[in-house]
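**Student:** Sequence:
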Amino acid sequence: MRKTQIVRCLVVEISEGGATVRIGKSLIPDHAYLVFGKFDVVVGSIVVQRDPGHLHLCFVKQLRPDFVNRLAHMSSPFSTLESLNARTI
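According to the working numbering, the sequence shown is numbered sequentially starting from 231.
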């Protein structure tokens, strides 16, 4: 069985194909899942670059442009911690 852990991060930039996230000092494996909401959207990701406190991720499958646009226009970055519905995105 694989070890699992949940690490909160802040999405700094996002596109259909990847994202830059701020992670602090957490240790993240090369393959991870980026979770939006309360597991409403789970995105398989590969770490392509590591900078101090940041990860650059490439998504295994591209996100839909309308979903990325809604995420980009959210008023609070912490809204993605809530369940994703018409009110939150």
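Just so you know, these hints were derived from the structure itself, not from any lab. Positions of the beta carbon are idealized from the N, C-alpha and C atoms, including for glycine. Do not rely on the hints blindly, as some may be mistaken.
Below, computed lysine-lysine pairings styled on BS3-like, alpha-carbon distance capped at 27 Å [claimed, not checked]:
| # | residue 1 | residue 2 |
| --- | --- | --- |
| 1 | K268 | K255 |
| 2 | K233 | K268 |
| 3 | K255 | K233 |
Beta-carbon label-pair distances, calculated as ranges [claimed, not checked]:
| # | residue 1 | residue 2 | range |
| --- | --- | --- | --- |
| 4 | L257 | D296 | 27 to 37 Å |
| 5 | E243 | K291 | 25 to 35 Å |
| 6 | K233 | A302 | 16 to 26 Å |
| 7 | G274 | E243 | 11 to 21 Å |
**Student:** Please name the hints from earlier in the document that this structure breaks, with their numbers sorted from lowest to highest.
**Tutor:** Of the numbered hints given earlier, those the structure breaks are 5, 6, listed in rising order.
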